[in-house]
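**Student:** Be aware that the sequence shown starts at 3, since it is given in the numbering used here, and climbs by one per residue.
Calculated directly from the structure, the hints in this document are not laboratory data. The beta carbon of each residue, even a glycine, is placed where N, CA and C say it ideally should be. Do not rely on the hints blindly, as some may be mistaken.
Have a look at the derived ranges for each label pair, beta carbon to beta carbon [to be verified]:
1) THR167 x GLU141: 16 to 26 Å
2) ALA205 x LYS160: 28 to 38 Å
3) GLU99 x THR185: 19 to 29 Å
4) SER195 x VAL117: 13 to 23 Å
5) ASP137 x GLY115: 40 to 50 Å
6) THR185 x GLU141: 20 to 30 Å
Below, computed lysine to aspartate or glutamate pairings styled on DMTMM-like, alpha-carbon distance capped at 20 Å [stated by the list, open to error]:
7) LYS170 x GLU203
8) LYS160 x GLU173
9) LYS104 x GLU208
10) LYS190 x ASP124
11) LYS132 x ASP197
12) LYS104 x ASP124
13) LYS104 x ASP137
14) LYS189 x GLU142
15) LYS114 x GLU208
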Amino acid sequence: MLGKIIGKITGGESKLMTVALIMGPILVVAVLFILTHLLFTPKQPTSEEIVASIANKAMLGGIDPSIVGVTIPLDDNQSSADEDSEGSDAFEFVSSEYIYYKIPTTFVTNLKGDVTTVLRADIAVSTYLKATSYDSFNEEMVAVSPIMVSAILTALGKISLADFTGAKNLEKTAEYLTQAVNTELEKKNTLYSIDYVHFFELAFNEG
């Protein structure tokens with residue numbers, strides 16, 4: 003009887019040992035997998051971290067972050083307006099476009115070497131800027147209108163009727179007027195220059 007009892011106990015321990023030998027390595031592998039996943043899985047950056055990285059790289063390269071389309075919000079102590087924008091995005095992309103300004107003066111002048119032909123022209127100018135610069139650009143164009151009018155009238159007096167004949171000549175004339183205006187604006191150290199001169203209306207009265 004005692005031998006049977008000892009045999010049962012010994013057999014039970016043997017089964018427990020077998021189960022322990024099988025399950026032990028499995029548990030160890032599972033624990034190691036979980037720890038490795040938690041410790042070494044890279045953390046995905048947030049949108050704020052991505053924007054900060056772009057801005058830092060731009061500034062380190064000597065580039066204004068706004069040039070790459072990123073606007074960095076001011077600190078709380080820089081403007082009270084920040085309190086109203088706490089719920090806004092950390093950055094925004096601002097589109098650029100051609101901003102136009104029509105000079106209010108109608109140009110009436112004779113052309114070079116032709117006292118019988120009178121040119122009448124309405125002219126607009128344009129510059130490629132961010133859409134948020136519209137008000138600033140328009141205000142300066144109003145202020146420098148007399149300078150532009152003088153520059154254009156002077157330039158028109160140096161060109162002939164042939165310079166308005168055909169699309170290519172008209173394009174060259176527009177470029178010539180653009181250079182003439184920008185030359186005078188540079189002398190005044192204005193904030194903006196112009197990219198193009200556009201003929202809004204163009205007519206000739208031959209005497």
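**Student:** Confirm or reject each hint.
**Tutor:** These are the hints, each one checked on the structure:
Distance hint check for THR167 and GLU141: the Cβ-Cβ separation is about 37 Å, which falls outside the suggested range of 16 to 26 Å. With their beta carbons about 20 Å apart, ALA205 and LYS160 fall outside the hinted range of 28 to 38 Å. Restraint check, GLU99 to THR185: a C-beta distance of roughly 25 Å satisfies the suggested window 19 to 29 Å. Checked against the hint of 13 to 23 Å, the pair SER195 and VAL117 fails, with Cβ atoms roughly 34 Å apart.
In this structure the hint that ASP137 and GLY115 lie 40 to 50 Å apart at CB holds, the actual value being about 43 Å. A C-beta distance of roughly 22 Å is found between THR185 and GLU141, which places it inside the suggested range of 20 to 30 Å. For the suggested pair LYS170 and GLU203, the alpha carbons sit about 17 Å apart, so the restraint of at most 20 Å is met. Proposed proximity of LYS160 and GLU173 is supported: the alpha carbons are some 16 Å apart, at most 20 Å.
Straight-line distance between C-alpha atoms of LYS104 and GLU208 comes to about 26 Å, which puts the hinted pair past the 20 Å bound. For the proposed pair LYS190 and ASP124, the alpha carbon gap of about 24 Å is over 20 Å, so the pair is violated. For the given pair, LYS132 sits about 14 Å from ASP197 by alpha-carbon distance, which is consistent with the 20 Å threshold. As the CA atoms of LYS104 and ASP124 are separated by approximately 8 Å, the hinted pair is consistent with the 20 Å bound.
With a C-alpha separation of about 14 Å, the suggested pairing of LYS104 with ASP137 holds against the 20 Å cut-off. As the CA atoms of LYS189 and GLU142 are separated by approximately 15 Å, the hinted pair is consistent with the 20 Å bound. Between LYS114 and GLU208 the alpha-carbon distance is near 14 Å, which keeps this suggested pair within the 20 Å criterion.
In terms of the numbered hints stated before, the structure departs from hints 1, 2, 4, 9, 10, listed from lowest to highest.
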